[in-house]
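Number of protein chains: 2
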Amino acid sequence: MTVFRPRATLASLALWAPLALAACGGGTAGGGGAGATPSGDILSLMQARGLSEADVSAALMTYTPTGKHDEYLTFASGGHGGQLLVIGVPSMRIIKYVGVFTPEPWQGYATGDVATERVLDGGNRFGKRVEWGDMHHPALSETGGDYDGQFIFVGDKANARVAVVGLSDFMTRQIVTSELIQSDHGAAFVTPNTDYVIETSQYPAPLGGGYAPIEEFNEKYRGAAIFWKFDRQRGRIDPTASWAIELPPYMQDLADAGKLVSDGWAFMNSVNSERSYGGNLEGRPSLESGASQGDMDYLHCINWRKAEELVKAGRTTTIVGMKVISLEVAAAEGVLFFVPEPKSPHGVDITPDGKDIVVGGKLDTHATVFSFEKIAALASAKKFVGKDPYGVPILDFKESIRGQCEIGLGPLHTQFDGNGFAYTSVFIESVVAKWSLKDLKVVHKLPMHYNIGHLCAAEGDTVSPDGKYLIGMNKWAMDRFSPVGPLLPQNFQLIDISGAGDMNLLYDMPIPLGEPHYAQMIKADKIKAIEYYTPVGTNPITHEKDPNATLAKQERIERRADGVHVWMTAVRSHFTPDTIRVKEGETVHLHITSVEQAFDATHGFALGSYDINLSIEPGRHCDVTFVADRAGVFPYYCTEFCSALHLEMAGYLLVEPKS
Amino acid sequence: MTVFRPRATLASLALWAPLALAACGGGTAGGGGAGATPSGDILSLMQARGLSEADVSAALMTYTPTGKHDEYLTFASGGHGGQLLVIGVPSMRIIKYVGVFTPEPWQGYATGDVATERVLDGGNRFGKRVEWGDMHHPALSETGGDYDGQFIFVGDKANARVAVVGLSDFMTRQIVTSELIQSDHGAAFVTPNTDYVIETSQYPAPLGGGYAPIEEFNEKYRGAAIFWKFDRQRGRIDPTASWAIELPPYMQDLADAGKLVSDGWAFMNSVNSERSYGGNLEGRPSLESGASQGDMDYLHCINWRKAEELVKAGRTTTIVGMKVISLEVAAAEGVLFFVPEPKSPHGVDITPDGKDIVVGGKLDTHATVFSFEKIAALASAKKFVGKDPYGVPILDFKESIRGQCEIGLGPLHTQFDGNGFAYTSVFIESVVAKWSLKDLKVVHKLPMHYNIGHLCAAEGDTVSPDGKYLIGMNKWAMDRFSPVGPLLPQNFQLIDISGAGDMNLLYDMPIPLGEPHYAQMIKADKIKAIEYYTPVGTNPITHEKDPNATLAKQERIERRADGVHVWMTAVRSHFTPDTIRVKEGETVHLHITSVEQAFDATHGFALGSYDINLSIEPGRHCDVTFVADRAGVFPYYCTEFCSALHLEMAGYLLVEPKS
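If you're matching them up, the sequences are chains A and B in order. According to the numbering used here, the first sequence is numbered sequentially starting from 4. According to the numbering used here, the second sequence is numbered sequentially starting from 4.
Treat the hints with caution; some may be incorrect.
A pair counts as met if it fits within one copy or between any two copies, since identical chains are not told apart.
What the hints assert, rightly or not - Below 25 Å or equal to it, Euclidean Cα-Cα: the simulated SDA-like pairs (lysine to any residue) are:
| hint | residue 1 | residue 2 |
| --- | --- | --- |
| 1 | Lys131 | Glu182 |
| 2 | Lys526 | Pro550 |
| 3 | Lys131 | Gly389 |
| 4 | Lys386 | Glu218 |
| 5 | Lys529 | Val466 |
| 6 | Lys556 | Asn283 |
| 7 | Lys131 | Arg121 |
| 8 | Lys661 | Arg559 |
| 9 | Lys232 | Glu331 |
Hints listed in this document are in silico derivations from the structure and should not be mistaken for laboratory results.
Could you put the whole structure together from the sequences, leaning on the hints where they help?
If you want it as structure tokens, here you go:
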């Protein structure tokens, strides 16, 4: 705790007292302001709360009064929570968790609702449902290299899945997966016009999900980079138009797409060119030591526009339904090049002008700045220093770089402002380093608490970053917040980078659920979210009026060959019908439409003991199908507080026993 | 947005400029403070951010610098998200979501981990898993009527379940359910020494889960109040020592336990003494109108200590394993009394001195203050004005009350400070009313945005409330935050109630996941959370060393009759073993112990495509059992960032195909 120390300047603080007291005379703080402590003046308030003078500035830079909106929204991955976080900046308030890879009952996401169950089923692996994900990297859709606020894509490292979330309603619309690969890490990253969403594998395995002994690792295990084709008009990835490139069994890590001058290329790190595969109970080294032997790994440079031509020309092999450009073809046709990069790198980040590729070697002390122009020239001239064991041409390290910045131990990930500065997280040193892109010199280091992972700057991955705010995504919180048991939150630290000089720490924010690995920050006014679904009866996945949409007076119950169909409406504060009579063993199909068209007038629908909960936002249509396999009396009711008579918004499912 | 208007007092603000600029000269904001905007002074900062002078006070009352802890922790229910929120006050940062009724992969809660899967299975209904819950009312454990910081109990309205969460490690230890009832609402509430956890049903149904036609509602449908016996020593509810009281088919609502003078009694509202049961497609009124016909419902007064004697004396009937005191016995033996209460009430709240029972009639304009002394005297003298249709004696309304406070339209729920004031949320008027318990007069109303539900005051349900902070739990957020689609957060508004006069609004906080219905706020230093599990190999549910705990050098793989057993350790940054070879179809038992004993050094364990993720906090032991039914190569890895070589903390499950 900072102890306030009286000094000469306190005289000026004392002048605030009458001002603050006058301001809180009004009492009711309606639309805008808020009240002061009735018991004292500003100075005593600072003393009572242990605030330093510098804290006052930080408080004013982050405090967001009632009704005032945040300037930016940050989309952070939820790690192994499987959900996506939406965070307001500078208030650092979490505004929403969006269910993506994990069923989420508050949103009625895959907890009975047929449409969203189908979305989650899109990510089934080997025919089976996976009910969690390890979300790593969110990528906002781009137009011309700038975030356009329409979609966001996220990857699931554990199960090699990619999801599409629509930002008109913040709903997960699609999950795709290919059993070509068994895990990913470099996902999702988009090309500058969102033609493709990139997913690269992390842990090598036989392509397509087959078995091979681990001793045949070098020969039969492979990595791959999948280029998922995005159809912006439909708001969907088109798996049939997607394709992949086979890669050596190194652990491919993060990716980034070229932009402007480097548009048409993509870049990926790798961290285990040693091809270690563990075996610590069988006499081999653990992966952590096996993969850290060499001083260099391989930066993967992919000419994806040339690859796209090869795909069109049919130069692919199809594996588990995915068109794959083989290593041999990729190497021979000038699609894939390697450049040595120091040591076990993590982040690979293209500068806003598209000219440089910044790589942080996590067991190194440098941010290495590769030059796209040099790489392209060497590739074009076929000036190689050799080939890797799989025939991939290797470019000379020194001839490929513009230089290196001496950063500190453990550089991980780099973001940019609009003023020529780069910001690199330094894990082992636990700082953010601000450095000049022009002369590759560090100008300031700011301590982070603790163990910083990625960074997120305002519009930081675009061709025109805003600067202003930077978030340090710290992996450990330790003593930063009140103790809540052995499992602790992460700590997002908000940093002011608006000035030309030093960075300033503004705020600590605990992440209460999930472990974000990466985030992107967009100007809030670029997001055009709808207030309700229209027309009444809209299916939130198709965004069309559902065939079973039900309007007032159309409610009915019909017995058909496939079971009992109930066309139901929800409106404050009743469901119609509120009595459903079925026989034990019958299949029941509920078609429920909210006929509300008012902002925030959401209803829920819970059916006790049947494991069903829906969120029915205004105008939304939901379907549920279940077998009434338990005789008895089952209340259903609205789970989202809607009105003074919300508790009375209920009905009964009556399941008569078989005679 | 508040527009800053220059006025005479700005001269005093200007004096801050050099002070603030001096404060931020240091640059690196390490342990305590934070920097100011480099571009200007405090005044220009206020102008730039549109802050009023009053906002400055609010900012300073809520701003919590890096590393400083919150004074209070608020535990809020997560509604139909099924999770429990832990919120710091006054910073209004969510520090943790605790998985309770819904599987949660970040915590490894019921996503493969055998111990927590069993906890969730404790809440199975009719033999089937329910994977979500509608959490309504958290109740902190009490000793002598004060929160003791040891446990918290929560109810699941949809599936009539109650959970026990331990506050040493913030883990859900137990879920209990009785098929006696089909839903609850008045859950959980504790008696002053946590002898019992109270759960009352909401929607009447035949007791025990049987079927009866809805036309036999009056005769065969019933409510019930379950008194779950808590064994503090074991930290578990003991179902065999628990019992229930049969209640009429009114919709019992919230409950509260008497304290001090009223200790030994419990009080519950009801909202449908009309016994309406819907049927709007069958010619009957919807519940919302049917249940709102009468002007009075029944406050249920239960002498639970007398009921406990009846249970010991064997005066119960056993239904689906639950000992039940019948309505007839309860009415005849002086256990159950009714007092009329106006109209469709919601909150029933005992004053800190235990003398009064405050009821908010949600379709009324009063907070009605019942006197325990008067009720007990009338009950003792058997002075009844009649009986309800089920034979329950009714006391006279006017003779039972101390008075009524004219509050406004739609009073819902009441909290207390330590200075003789009550605070009632008023839903339809959308305000908080502060009123004097002594003379029953409103002294101030503060507008809420929007549709306020419950209130939560610092230590507000104890015998010694702290005052200071009050949270308005607003149901709708509307325009308060950046738009995030049709489904919006709730809005918790933090209110300063430290003064003798008006309340002051301090802060708006979005709830990003789930819909809290109630919360309790405890002094943070009462919580004694552990930093890691000790000894190494502790099972977090039993809190004992697990029989399969594995230390370094004890790692091994054995084939047994029931499958392949793998005793594994996790430590930065490898699993041992990191190669597991099995045959397709074999059952695999993983026994994984984290041998870490360092704060925050948590590991995860993900097995791709097998739908398994664990959280292995330092010292924790986890078990997983699965059938290796898919041949192939499946990476497993650490999902919780642990070190610079976290990505390399991985291994392979090799599933050889059947020959």
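Against the structure, the hints come out as follows:
1. Taking the closest pair of Cα atoms, lysine 131 and glutamate 182 come within 25 Å of each other only inside a single copy of the chain (12 Å); across copies the shortest separation is 32 Å, beyond that limit.
2. Taking identical chains as interchangeable, the C-alpha atoms of lysine 526 and proline 550 are never at most 25 Å apart, the minima being 37 Å within one chain and 53 Å between chains.
3. Taking CA atoms no more than 25 Å apart as the test, lysine 131 paired with glycine 389 passes in neither setting, with 44 Å inside one copy and 62 Å between copies.
4. Proximity of lysine 386 to glutamate 218 under the C-alpha cut-off of 25 Å is found in neither arrangement, the shortest distances being 34 Å within a copy and 88 Å between copies.
5. Taking the closest pair of Cα atoms, lysine 529 and valine 466 come within 25 Å of each other only inside a single copy of the chain (16 Å); across copies the shortest separation is 50 Å, beyond that limit.
6. For the identical chains of this complex, lysine 556 and asparagine 283 are inter-copy neighbours only, at 11 Å across copies versus 69 Å inside a copy, given an alpha-carbon limit of 25 Å.
7. Taking the closest pair of Cα atoms, lysine 131 and arginine 121 come within 25 Å of each other both inside a single copy (13 Å) and across two copies (22 Å).
8. Proximity of lysine 661 and arginine 559 under a CA criterion of 25 Å is satisfied intra-copy only: 24 Å inside one chain copy versus 53 Å between copies.
9. In this assembly of identical chains, the alpha carbons of lysine 232 and glutamate 331 lie at most 25 Å apart only when taken from the same copy (23 Å versus 70 Å across copies).
Hints 2, 3, 4, counting from the list given before, are not met by this structure.
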